[in-house]
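> Work the whole structure out from these sequences, hints included.
Protein chains: 2
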Amino acid sequence: MNFADRICAEIKKKQSHAVIGLDPVIERLPAFILDEAEQNYGKNDEGAAAAFIAFNRFIIDTVAPYVAIVKPQLAYYEVYGAAGIDAYWQTVNYAQQKGLIVIADAKRGDIDSTASAYARSFFGDASNEWQTPKKVDSLTINPYLGADSLEPFVEQAIAKQTGLFILVKTSNPSSGDLQDVVTANGTIAEQVAQLVHNYAMRDIGTSGYSSIGAVVGATYPEEQRLFREAMPVSLFLVPGYGTQGGTGKDITNAFNSDGFGALISASRSIIFAYEKNKVQTGEEVQLAIKNAVKAMNADINTALKDVNKLYW
Amino acid sequence: MNFADRICAEIKKKQSHAVIGLDPVIERLPAFILDEAEQNYGKNDEGAAAAFIAFNRFIIDTVAPYVAIVKPQLAYYEVYGAAGIDAYWQTVNYAQQKGLIVIADAKRGDIDSTASAYARSFFGDASNEWQTPKKVDSLTINPYLGADSLEPFVEQAIAKQTGLFILVKTSNPSSGDLQDVVTANGTIAEQVAQLVHNYAMRDIGTSGYSSIGAVVGATYPEEQRLFREAMPVSLFLVPGYGTQGGTGKDITNAFNSDGFGALISASRSIIFAYEKNKVQTGEEVQLAIKNAVKAMNADINTALKDVNKLYW
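These protein sequence lines map, in sequence, to chains A and B. In case it helps, the working numbering puts the first sequence at residues 5 to 316. In case it helps, the working numbering puts the second sequence at residues 5 to 316.
Do not take every clue at face value.
Any copy, or any two copies together, can satisfy a pair, since identical chains are not distinguished.
Stated by the list, open to error - In silico EDC-like cross-links for lysine to aspartate or glutamate, where the CA-CA straight-line distance does not exceed 16 angstroms:
1) K253 x D310
2) K47 x D129
3) K47 x E133
4) K313 x D152
5) K294 x D310
6) K47 x E31
7) K102 x D310
Since the hints were made in silico from the structure, they are not lab data.
Okay, structure coming up:
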């Protein structure tokens, strides 16, 4: 089943366009999780990895009824070396077991043979008897190296029924340094959007959406409209909601009139929601996270309803 | 000691500007290494990781007298999950023990807090009691997200006396898709070069070179001259030599008149040199690799001598 069809079906089922970023930071984890990890493993890579696994399982159990998608960001796991990567894949596996779709936020990009190795790292490689099977559902990639660096990812994503989100316009303040530079054919981001659209047309599912999507930040609402027109069949992964300042009103332009097409990502504002109240018991941490997710869904759904884009 | 000073001293000592890419591919490894790994671990992530460690130690032992720098590419290790990353760090550790400088070819890039996490992954973080200490000497990064995505890497590289190579112009055929696009202020690659130069000026060592360098492909010799002028104090990491078609004559423009400034990288043409002769004993594999490295050094040194840029 095409990745976009799978994601649209899950979004309908959960009535949620949210993506929860699983970006653990050791010093922000609840004390009850840190204490147990330290007791069992000590303060080292293995201890941090154990804490991440426990924390992520806790979050996944809490949010699974309310959202369709999680997005663990590789950087936070790589801090702890091999143990961190083990925590990464255990998190992926647990989320998939719980019926969630996993986007690996890795922003990889390299030349042909190396791009192919990255794609096989994240999407698996059944032809390699040495590789222990493992696979995320989707991956973010960086276009700076051009078409031949994207092609191996696109080919494997389509063949393996996984998805891609190619960086077009990111949510950070300096995103315009390169992405907004004006050329004879529009901005650099617009040129990348054209590239993404060409790839997207190769694999459109019955939902009308393609497995080849784009990253388009929430912090630039007017641009979302332009990019929505430039890439009509692509799903947008939209970072910048929550801690980075975006709200439901800022992201409605990323949706098509059918009420689909955008996945709104938030991380710190959800997974560390309990910090606001300095609460520390498991039940209180869980409640704070649950309330934050429900509020995010309500915010997005209300904003979509206001512009007649709510499907359900 | 500034990273650039360290690298220039080692280059002088070894009389070599070569960087050996440690990019293992399981099906290309010598049978005597694969057989032992399979016997000990089976055909799985752990077996592949064991084979990579054995192969890399073998290569490091072989090339250490002749080169100053190795560059393991993360993609090839990520294929095997946590075990692959363990092989990565064991390789880094072994190379450093043997006096080699390690460039992690990872081409990472992300927004501020995430960029900072990636930098702490590769350059270590003494303030984090949970992280088991580990550190490469240098890292490649991708500039597509703009200045605020590069800044955390630059700050940490300078503070931790490590180095960076920021992608400016890559060696692949499609590199021009974005990098050669003409803007009001030169090409995109030229704009990135300006950014790199500004960072580079913050940390110049006694060698006259900066810890903040650039990736400039060997496949575009004329452009190297322009980039050399635009980034006079930056070390260039030059991919594209060997398998990708570059020769000694193609890379002399990447050097300054003092005979320094460029690190010429080759991977497959060196580490799989034994494949040409279908030899398989350890001694024959070692000899093929040693001869390939010595030929590469001679090719580069001769080309530099021909243009009066040979230091020794």
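> Decide, hint by hint, whether the structure agrees.
How the hints compare with the structure:
Taking the shortest Cα distances, K253 and D310 sit within 16 angstroms of each other inside one copy (9 angstroms), while across copies they are farther apart (64 angstroms). For the homomeric pair K47 and D129, the shortest alpha-carbon distance between copies (14 angstroms) is at most 16 angstroms, but the shortest distance inside one copy (35 angstroms) is not. When the C-alpha separation of K47 and E133 is checked against a cutoff of 16 angstroms, the pair qualifies only between copies, where the shortest distance is 6 angstroms, while the shortest distance within a copy is 35 angstroms. Taking the shortest alpha-carbon separations for K313 and D152, neither the intra-copy value of 37 angstroms nor the inter-copy value of 34 angstroms comes in at or below 16 angstroms.
When the C-alpha separation of K294 and D310 is checked against a cutoff of 16 angstroms, the pair qualifies neither within a copy, at 24 angstroms, nor between copies, at 69 angstroms. Proximity of K47 and E31 under a CA criterion of 16 angstroms is satisfied intra-copy only: 12 angstroms inside one chain copy versus 38 angstroms between copies. Neither within a single protomer nor between protomers do K102 and D310 lie at most 16 angstroms apart by alpha-carbon distance, with minima of 32 angstroms and 65 angstroms respectively.
Checked against the numbered hints given earlier, this structure breaks hints 4, 5, 7; the rest are met.
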